[in-house]
Amino acid sequence: MAQMNMLEALRDAMRVELKQDPNVLIFGEDVGKVGGVFRVTEGLQEEFGEERVFDTPLAESAIAGMAVGMGTQGFRPIAEIQFVGFIYEALDQMFVQAARMRYRSGGRYNSPIVFRTPFGGGVKAAELHTDSLEGLAVQTPGIKVIVPSNPYDAKGLMISAIRDNDPVFFMEHLNLYRAFRDEVPEGEYTIEIGKANVVREGKDVTIIAYGMMVHTAKKAAEELAKEGIEAEVIDLRTLLPLDIDTLVKSIQKTNRAIIVQEAQKTSGVAAEVIAQINEKAILHLEAPVLRVAGPDTVYPFAQVEDAWLPSPERVVKAAKQVLNF
Amino acid sequence: MSKVVTKQPSYEVQSEPVQPLSILSPEGEIVAPDLVPSLSDEQLKEIMYRMVFTRTWDERAVNLGRQGRLGFYAPVSGQEASMVCSEYALVKEDFVCPGYRDMPQLVWHGLPLYQAFLYSRGHQHGGQIPQDVNVLMPQIIIGAQVLHAMGVAMAFKKKGEKRVAITYTGDGGSSEGDFYEALNYAGVFKLPVIFVVQNNGYAITTPYAKQTAALSVAHKAVAAGIKGVQVDGMDPLAVYKAVSEAAERGRNGEGATLIELITYRYRPHSMADDTTKYRTKDEENDWAPRDPLVRFGKYLEAKGLWSEEDTNRVKEEAKATVNEHIKKAEQTEKMTVSGLIDTMFEKTPQHLEEQKADFQ
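Chains A and B, in that order, are what the protein sequence lines are. Here the first sequence stands for residues 2 to 326, numbered as in the working numbering. Here the second sequence stands for residues 20 to 379, numbered as in the working numbering.
Some hints here could point you the wrong way.
Said to hold, decoys possible - Lysine-lysine pairs mimicking DSS-like chemistry, simulated, CA-CA at most 27 Å apart:
(1) 353/B with 34/A
(2) 34/A with 209/B
(3) 178/B with 34/A
(4) 366/B with 196/A
(5) 281/A with 176/B
Stated by the list, open to error - Residues from chain B that face chain A, not an exhaustive set, calculated with beta carbons under 8 Å:
(6) 24
(7) 307
(8) 310
(9) 372
Since the hints were made in silico from the structure, they are not lab data. Where is the CB? At the ideal position from N, CA and C, for every residue including glycine.
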């Protein structure tokens, strides 16, 4: 088995799909010759040609809109939006046109598109490069949302996303691209969309997270373990559909939960997770479910971002709060 | 020593005004004999048939709207030449990406009329385009469809198919970012796409003069490096000619064309709009003599191909057809929320399955 970091795993997933399905295409800003600003698609143009992997003019709405048009004609576009903040330019095409295609046509057309974008803070990037905008997507009917936290999941989820006949918003945490290497199998394998993963077992408190925050949660769990507290850490992997069953099963065991998200606190994924836990598991809870999240400010690039982002310390604090409730 | 003066090329971009292509005068006379498209008598009669049918259908639809039997409806009278003849210049394999007013193009391209009515009534079956009909559903977000047509054209090009995509928007739509982005992409990738702008003078109430300072909408093609033409959109022959040429260019790999059709909508933007608040009776009267049905009727009558009886016959046929299709629309089984939920994704996820319980 090969050792790959997350961006190599993502590239490998796209290579597998480009090879096995001639309708798969990759396009976006700078994705061709150099393989994108993070080199995720590096070498793919060389291997598959400019017909399959190509640069577009600089216009995000057109990237997404072209994907929607091509999607009605049997292509399966992988459209890259260079940085997460740039999706604002493409929101209509992504969240209205692609997401509503199946509804508007009563199933006659669909949008088998993967909208890839890097996101996530802690790398001192420019303004609007590192926001966490998954909350916008999960409130949009008709689009799936995936956020992998490691190379193995990234490859399996990307292959599933490309094969999915509905649009997928695939968010790649840019602090994870080169963070570490994993054993990643050669060739094809898939991870089911909508399935969470228990990444650390524990009996005292459930810590729910996704993306980079899975690693923050794991660090917190190690700290808690030093004090004899065994935290169960769950990686959501898919934000829509959400795997509530795995969360409920864990809470039935731990009776306590917190959720960590990098996004601003109000009305986001964490709020939705708590709402669903209330609906399905309130009688198993010994304490309110707490959120560890960014404050409701704009994402502060560079200067104070490390302090702004949820830290293992804040997670430990929240875990103790629910334990001592 | 004499000073050498070299003539410098102008560093200022030059733009010249255009004259709209005109083949048939408002009096029904050919003013550009060399440009008359080659159409058989049967084809000429078919165009007249479709325009009269469309006008009658429009009048009937306005009444159905008032009776509450249709939902949102955008009237089309005045634009029959631009709608009917632009579609008539295509073949069935070509793909239409319409705006919300462009129901006639969809229907003449193959969408059953009752489905157009169902769309207006908010019924999903209205958007279930039959498999052999190459159109998208009417677009509500102004300009979004212009990008889709560009994407469809990209698909045709990649597959090596000799098909073109055509899209319609208005003078207002030509101010949208999506419009400019689509033209630019079409230029860069040399795509087989036709961008039709039906310049009917108003974006709801905002007049064309407040829409752009460009010499014309057609001039916007220059910045994208594609061909641009301006056409009398109430001249059926000119519209047919311009779109045929654009389709030919697209099929031959010569790229995209922007076609500005100068036209006028006689009725309000939608049934909720009041034209007296933003335009004058004089202006409406100015446009009336340019009417596409009147001028084409005169042309065909002079050729001995059409008569008032023909017009009356088509009107009756149109009324009967509209009645039949509105009944069919009204008799179509109503949508359910559960059915709606099942059209969000290919396979309905668990949370949506659970949400169905509230509606059963």
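Hints versus structure:
A threshold of 27 Å between alpha carbons decides the hint, and for residue 353/B with residue 34/A the separation of about 52 Å lies outside it, so the pair is violated. For the given pair, residue 34/A sits about 20 Å from residue 209/B by alpha-carbon distance, which is consistent with the 27 Å threshold. Distance check on the hinted pair: residue 178/B and residue 34/A sit about 23 Å apart at the alpha-carbon level, within 27 Å; holds. For the suggested pair residue 366/B and residue 196/A, the alpha carbons sit about 15 Å apart, so the restraint of at most 27 Å is met.
Note on residue 281/A and residue 176/B: the hinted pairing is violated, with a Cα-Cα distance of about 51 Å set against a maximum of 27 Å. With a least beta-carbon distance of about 40 Å to chain A, the hint placing residue 24/B at the interface is violated under the 8 Å criterion. The interface hint given for residue 307/B is violated, since its Cβ lies 37 Å from the closest Cβ of chain A, which is over the 8 Å cut-off. Of the supplied interface hints, the one on residue 310/B is violated, with its beta-carbon coming no nearer than about 34 Å to a beta-carbon of chain A, more than 8 Å.
The criterion of a C-beta within 8 Å of any C-beta in chain A is not met by residue 372/B, whose closest approach is roughly 10 Å, and the hint is violated.
Going through the hint list in order, the structure does not satisfy hints 1, 5, 6, 7, 8, 9.
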